[in-house]
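Let the sequences and hints guide you as you build the complete structure.
Those protein sequences? They're chains A and B, same order as listed. Mapping the first sequence onto the numbering used here, position 232 (from 1) lands on 232, and the numbers just tick up by one. Mapping the second sequence onto the numbering used here, position 57 (from 1) lands on 57, and the numbers just tick up by one.
Honestly, I wouldn't trust all of these hints.
Any copy will do: because identical chains look the same in the list, a pair fits if it lies in one copy or spans two.
Here are the computed lysine to any residue pairs in the SDA-like style, where the Cα-Cα straight-line distance is at most 20 Å [to be verified]:
hint: 1; residue 1: K343; residue 2: R79
hint: 2; residue 1: K305; residue 2: R179
hint: 3; residue 1: K224; residue 2: P181
hint: 4; residue 1: K224; residue 2: D350
hint: 5; residue 1: K224; residue 2: G35
hint: 6; residue 1: K291; residue 2: Q83
hint: 7; residue 1: K215; residue 2: R317
hint: 8; residue 1: K196; residue 2: R225
hint: 9; residue 1: K218; residue 2: P208
hint: 10; residue 1: K218; residue 2: P308
hint: 11; residue 1: K218; residue 2: P311
hint: 12; residue 1: K294; residue 2: G82
hint: 13; residue 1: K305; residue 2: E216
hint: 14; residue 1: K215; residue 2: V313
hint: 15; residue 1: K218; residue 2: D298
hint: 16; residue 1: K270; residue 2: R75
hint: 17; residue 1: K291; residue 2: V81
hint: 18; residue 1: K215; residue 2: G70
hint: 19; residue 1: K294; residue 2: A29
Don't read these hints as lab results, they were simulated from the structure.
Listed below are the residues making up each chain.
Protein chains: 2
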Amino acid sequence: MTETANTAASQPRVEIATLIEFIARALEAAGIPPGDARRVAALMAEADARGGDAHGVFRLAQYVKQIQSGAVNPRPNIRIVGQKAGTALVDGDNALGHLVMKRATELAMEKARQGGVGWVGTRRSNHAGPAQLYTRMAAAQNMIGIYFCVGNANLLPPWGGTEALLSTNPIAIAVPASRHPVISLDMATTNTAFGKIRLKAQRNEPMPEGWMIDKEGKPLTDPKRASEGFLLPIGGAKGYGLALMIGLLAGTLNGAAFGRDVVDYTVDSKTPSNAGQSILAVDIAAFADVKTFKEQVDEVWEVMKSSPTLPGVDEVRLPGEHSEQIYRERMAHGVPLSDGQRKVLDELADRLGILPLQ
Amino acid sequence: MTETANTAASQPRVEIATLIEFIARALEAAGIPPGDARRVAALMAEADARGGDAHGVFRLAQYVKQIQSGAVNPRPNIRIVGQKAGTALVDGDNALGHLVMKRATELAMEKARQGGVGWVGTRRSNHAGPAQLYTRMAAAQNMIGIYFCVGNANLLPPWGGTEALLSTNPIAIAVPASRHPVISLDMATTNTAFGKIRLKAQRNEPMPEGWMIDKEGKPLTDPKRASEGFLLPIGGAKGYGLALMIGLLAGTLNGAAFGRDVVDYTVDSKTPSNAGQSILAVDIAAFADVKTFKEQVDEVWEVMKSSPTLPGVDEVRLPGEHSEQIYRERMAHGVPLSDGQRKVLDELADRLGILPLQ
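So this is what it looks like as structure tokens:
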């Protein structure tokens, strides 16, 4: 993310409000009703504002393609197919994932407000942008948010294996503080994300050892040969275990795709993906005085910051701290867009017959 | 664990029932009421049966020391200090952790049976053995169990730092299958556990790179110098993030120790540890037909197994598979005990004036 942010510093900026308007226009032109288009646009622009550059407007053209091919349903009936006091299963009716996950998160928070905890799973959902969008919704309501999802492409074999049967299945957790930003972890269970490998390939730079191995189990450092190898999970067998468990929690439990039936929508934009996600909201008030708890989280923040550092390290960082800095900067000055990205969006505007991004 | 199991193969065995009797005798002699002593003994022996050799009878002498010094309360009033339909906070009154966690897990399952999900946190608890004991209780009731806890010793600095402010804070998840064993992940958020480092030191073997670094950030491979360095988290900053979040969920949220106030009971057996744990039970029936779900988990098992393997790898393993093999073997043939371990237990029996392990 640091690399992206540095490269981005010199690029022309687009204001968040302008970005939201453009995304909403594009989605509407593709057939999404105005209210839904604005809801999705706001979340996609928030992804860009938070530095999740590969999860925001970057995905717009792909989403439009899916809508136009019929793989994504522009007029879905998102509904609860089963629920108990603390849980629900939401059928996304193949809507844009943001709509499904927004609904699921709101429902989980409502249940947590009543019973202390809410766990909502989704099936027949789609790519919903960065996980932290949803855990942060819970944190903003004095709750802890936890999110699991089945990633959209299988790039990881089971540990010791050579068939890519697992995705980078991410986990996200957000916990609110008082004076300090939300502590927000949003991580893939692999050492790197595929986007970073593409970036290395573009720049003709080798990958560090530990990112990928080839089919012989040897380190793969040439990013141009990425298709011949596999991502490595964090901590070896442990990261594989986490990716597998997350797949069971967000996929299998919800009746969503996991394993060989995962559809990579960036390659196949015609087949519905049956994506699965799970969101968990825990009401802090069910365990502690909210004000006191948030001050204790501040204290944890400060204790971690107070650690002396290794040679060459300026300071210890908390999860979500860097993303928060980017967010504040971009909310004030706009989101940087490369010439290449702008060109893609101009072409999209042209195809859709809408006003381009100003 | 494989190493331990191999070394163990040639050692004399003790039957599980005999081990339970001995542990219960020792705890009773230390002042634990008979019913509680048997409950804890059964869980400790299960830890040994499952191959968690550093979490079973190995800890008995330490627990007895804590009880005798007053750091652990032999006649606790474990009580619910707050609850909602889906959540509860349990005050362990400084009981042996097994008693607190058994109560917490049963409560979480009861809540899950009612509302689909139950989340129970503990404070003023103590070391409770391996996490999988509790997640497997949920799996045995057709539920998914998820467990977080604050480890008992700070061995990990925040990423980039040099002050050990975090423990190996583990996460465990168990999901039941039908024909196949429970898929059970039970992992520390560090690349290795401290017990393995002690083993390397005993054997005069170097540690592989990646286990520890020294205060300069350089790889530390001499296990005799372990006290000069730090454990490394899985996936670098990611594992640090996970350990931190788990600390917030199992410590801070519950009003339990986390950060500088963590007490390592293996060093300080006099100060109550205020240990914190969180257990989450999700009722599968709230999301799916239980039979169908468990068959789908079988399918996931088989799909992972079907992956071709890297050179030198016999077969892909599922989380918990190895532990299940050990469990079956040890339930049939008993738990191996080294001469050294047996000597420690004989001395303990002598001090307590009880019948030794037969």
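Practice item. List in ascending order the numbers of the hints, as given earlier, that are violated by the structure. Key: The structure conflicts with hints 1, 3, 4, 5, 15, 18 and 19, although it agrees with all the remaining ones.
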